[in-house]
Amino acid sequence: MVAVFLKDLRIILRDRWALLFFILVPIVVISIIASALFDSDEGPKLMVPVVNEDQGPVATAFVKLLGKHADVVEMSRVEAEHVVRDQNRAPAAIVFPEGMSKGYLQGKTSQITLLTDPAQAVDLQTVKVLLLLMDKEAAALADPLEEDRIALQEQNLTGNRISVTSFEQNVPGFSIMFVLLAVVFATAMGLHDERDWGTLPRLLVAPAGFTWQLLGKLGARFVMGVIQMLVLFLWGHFVFKVSLGTSFTAFVLLTCAVVFVCVALGLVVAGIARTREQTQPMSLAVVMAFSALGGLWWPQSITPDWMRDISPAVFTTWAMRGMNDLVLRDRGLAAMAEPVTALLLYGLVLLAIGIRLFRTRHSAR
Amino acid sequence: MGHALAGGRALALRRALTGRSASRKRSPALTIAQGTDRRPEVSAALVTKNLRRSYDGREAVRGVSLEVNEGEIFGILGPNGAGKTTTLSMISTRIWPTEGDAWVFGKHVVKDVHAARRLLNVAPQEEALYPTLTGQENLEFFARLYGVPKAERARRVADALEGVELTSRKDDLVQSYSGGMRRRLNLGCALVSGPRLVLLDEPTVGVDPQSRVHIFEAVRKLRTQGVTILYTTHYLAEAEDLCDRIAIMDEGNVVALGTVPELLGLSKTSEVIELRLRQPAQRVEGLQSVDGVQRMEQSGPLLRLYTSRAEEVLPRLWNQPALQGKIVQVRVSPVSLETIFIELTGKDLRDE
Numbered sequence: 036m037v038a039v040f041l042k043d044l045r046i047i048l049r050d051r052w053a054l055l056f057f058i059l060v061p062i063v064v065i066s067i068i069a070s071a072l073f074d075s076d077e078g079p080k081l082m083v084p085v086v087n088e089d090q091g092p093v094a095t096a097f098v099k100l101l102g103k104h105a106d107v108v109e110m111s112r113v114e115a116e117h118v119v120r121d122q123n124r125a126p127a128a129i130v131f132p133e134g135m136s137k138g139y140l141q142g143k144t145s146q147i148t149l150l151t152d153p154a155q156a157v158d159l160q161t162v163k164v165l166l167l168l169m170d171k172e173a174a175a176l177a178d179p180l181e182e183d184r185i186a187l188q189e190q191n192l193t194g195n196r197i198s199v200t201s202f203e204q205n206v207p208g209f210s211i212m213f214v215l216l217a218v219v220f221a222t223a224m225g226l227h228d229e230r231d232w233g234t235l236p237r238l239l240v241a242p243a244g245f246t247w248q249l250l251g252k253l254g255a256r257f258v259m260g261v262i263q264m265l266v267l268f269l270w271g272h273f274v275f276k277v278s279l280g281t282s283f284t285a286f287v288l289l290t291c292a293v294v295f296v297c298v299a300l301g302l303v304v305a306g307i308a309r310t311r312e313q314t315q316p317m318s319l320a321v322v323m324a325f326s327a328l329g330g331l332w333w334p335q336s337i338t339p340d341w342m343r344d345i346s347p348a349v350f351t352t353w354a355m356r357g358m359n360d361l362v363l364r365d366r367g368l369a370a371m372a373e374p375v376t377a378l379l380l381y382g383l384v385l386l387a388i389g390i391r392l393f394r395t396r397h398s399a400r
Numbered sequence: 009m010g011h012a013l014a015g016g017r018a019l020a021l022r023r024a025l026t027g028r029s030a031s032r033k034r035s036p037a038l039t040i041a042q043g044t045d046r047r048p049e050v051s052a053a054l055v056t057k058n059l060r061r062s063y064d065g066r067e068a069v070r071g072v073s074l075e076v077n078e079g080e081i082f083g084i085l086g087p088n089g090a091g092k093t094t095t096l097s098m099i100s101t102r103i104w105p106t107e108g109d110a111w112v113f114g115k116h117v118v119k120d121v122h123a124a125r126r127l128l129n130v131a132p133q134e135e136a137l138y139p140t141l142t143g144q145e146n147l148e149f150f151a152r153l154y155g156v157p158k159a160e161r162a163r164r165v166a167d168a169l170e171g172v173e174l175t176s177r178k179d180d181l182v183q184s185y186s187g188g189m190r191r192r193l194n195l196g197c198a199l200v201s202g203p204r205l206v207l208l209d210e211p212t213v214g215v216d217p218q219s220r221v222h223i224f225e226a227v228r229k230l231r232t233q234g235v236t237i238l239y240t241t242h243y244l245a246e247a248e249d250l251c252d253r254i255a256i257m258d259e260g261n262v263v264a265l266g267t268v269p270e271l272l273g274l275s276k277t278s279e280v281i282e283l284r285l286r287q288p289a290q291r292v293e294g295l296q297s298v299d300g301v302q303r304m305e306q307s308g309p310l311l312r313l314y315t316s317r318a319e320e321v322l323p324r325l326w327n328q329p330a331l332q333g334k335i336v337q338v339r340v341s342p343v344s345l346e347t348i349f350i351e352l353t354g355k356d357l358r359d360e
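These protein sequence lines are chains W and H, in that order. First residue of the first sequence? That's 36 in my numbering, and the numbers climb one at a time after it. First residue of the second sequence? That's 9 in my numbering, and the numbers climb one at a time after it.
Be a bit skeptical, because a hint or two may be false.
Computed cross-link-like contacts, DSSO-like style, restricted to lysine-lysine with a CA-CA straight-line distance of at most 30 Å [unchecked claim]:
1. W:LYS252 with H:LYS115
2. H:LYS229 with W:LYS252
3. W:LYS99 with W:LYS143
4. W:LYS252 with H:LYS119
5. H:LYS158 with W:LYS252
Everything labelled a hint here was simulated from the structure, so no lab data went into it.
Put together the whole structure using the sequences plus the hints.
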């Protein structure tokens with residue numbers, strides 16, 4: 036028993052890189068998750084655009100009260116719609132209508148319009164809570180016995196629905212994560228299989244160039260990844276009524292772009308990791324880091340500023356952006372231009388790096 | 009052609025260059041005029057010129073120059089670590105030479121790598137198969153990989169299966185094959201593309217006798233079809249039985265090259281007297297000085313005495329006091345490739 040114990044320990048310790056990843060992966064993942072969720076005591080302030088058409092004392096007081104809990108930015112209605120609808124930088128914009136102060140002070144119920152992006156469901160809920168809080172505090176200041184002088188009217192800027200289901204909020208992120216997990220692992224391990232089966236040397240001397248063979252291997256993984264993602268989303272669509280957007284073509288296009296990046300990422304992992312033992316923790320680290328940074332597990336709005344600043348450099352951000360546009364905002368093919376372009380560029384760069392790594396390691400030189 | 013020397017000429021040149029002294033044994037069998045970069049004539053299946061390969065400063069191959077004729081089985085014989093596989097890897101285009109050149113049917117293995125690859129195929133020493141595919145699926149894949157046209161593919165696969173006698177197991181997963189069957193399929197995968205030059209790297213290592221016979225038959229059949237075979241082995245009998253010509257390699261050099269009779273002619277002796285004694289002999293050192301004995305080896309109760317005049321030496325041995333009443337068996341045989349190998353390298357392949 037001791038002999039086996041010592042032998043196994045020796046084998047484990049011999050692969051220094053695997054050991055490093057073994058230690059490093061949990062540290063990196065835990066640090067990212069902790070940073071995302073618990074980076075500051077108060078948490079990041081939500082940006083709330085305010086359209087102050089009232090310009091009266093009550094609106095001013097409301098803005099002040101809101102400012103305690105959110106990052107309130109006053110702007111015109113056109114600008115607010117742009118921020119919510121096109122840029123998705125805020126879950127909602129609050130419109131204080133003209134004459135609101137007058138009515139409020141006369142004890143009449145005032146109607147506030149909320150221009151919403153239901154795709155940001157969690158943050159939208161926060162805005163509604165903030166409004167409720169604002170109403171209570173304002174009422175308490177004026178007359179402790181008076182409450183509920185505000186009526187809320189919601190107007191969805193990004194789709195036809197006022198709200199989205201819990202499934203619709205969670206299916207895109209988790210589906211992308213599982214596809215990422217499966218494709219990166221399978222691609223990286225599949226390339227190691229060739230090494231273990233001894234077939235790699237045979238492939239390297241075949242007249243069909245090794246790069247083409249690599250692309251063939253990746254192609255098989257790509258097809259399997261696309262099928263997996265389609266099945267996951269179709270399951271969500273038929274069983275949980277998750278929307279797939281207005282264009283199935285757009286959905287397939289985005290799916291292909293996402294899986295393409297995942298496959299290229301798997302190639303890079305296989306190109307860096309020299310053994311199976313290195314591949315496993317490295318794949319896990321990559322999947323978890325990209326999931327956390329890209330907002331697959333939680334809305335990016337809850338993450339600290341630095342994380343949001345780097346998020347455009349993470350492909351999962353673009354994958355989620357595209358998928359949210361389809362599933363939660365009911366958008367179509369036109370909305371896919373930006374995320375799909377970003378994903379394809381990302382994938383091409385990773386593919387070039389991966390091929391380079393493989394060629395350097397296995398070239399005839 | 010300055011560098012394309014073969015057969016008897018090569019042997020004669022080697023004799024002239026190296027003589028038989030131990031100090032010259034590391035010289036390459038063929039010394040090539042340096043500085044020529046002429047393409048070999050296309051009739052040669054393979055020409056290597058001063059091939060060298062270093063790994064981290066250690067020279068694994070130290071200037072190998074060979075010419076293999078089309079349609080011959082050319083053996084590279086040598087102990088493990090002699091540089092056989094590295095030489096084969098350079099020819100197969102798997103690795104590039106640190107120095108020197110090689111041409112496969114006139115195609116340079118570095119400068120014209122794709123053309124060279126289309127003309128050859130290799131069965132690596134380690135099995136290179138997909139265990140979760142069937143034998144037939146493996147062959148079909150390698151046929152496609154080498155661009156065998158669809159119309160020909162089925163026939164080529166069937167021929168390869170038949171060639172390695174695996175037709176009856178073609179639909180079984182490779183993971184269910186025995187070790188010998190896998191080695192045969194490994195060979196089949198190298199044949200399915202219809203190469204003109206096949207590189208076989210120790211194809212019978214760890215193979216059961218039955219599979220070994222199948223492999224030999226497949227190799228001989230290839231020769232009848234005009235396929236050129238470069239066959240590395242450290243089994244003397246295999247090299248002797250199969251190969252038209254043999255290059256003996258040691259420590260990265262070709263130390264001898266020729267047909268089996270030509271190699272045997274390199275020996276200082278022509279016969280081996282084997283004396284089996286009742287028990288391990290003692291005080292037999294004196295036998296070395298018996299007139300006509302050129303060398304002696306002792307291995308337990310077995311004495312081997314190398315000579316050129318066995319019929320004269322035997323009576324003298326019989327009268328030696330150290331052997332009186334101890335001999336239980338006498339065998340006289342002509343000198344073998346093994347003898348040559350030991351003479352040239354100072355090593356016994358059986359020790360490997």
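>> Run through the hints listed earlier and report the numbers of any the structure violates, in increasing order.
In response: The structure conflicts with hint 2 only, although it agrees with all the remaining ones.
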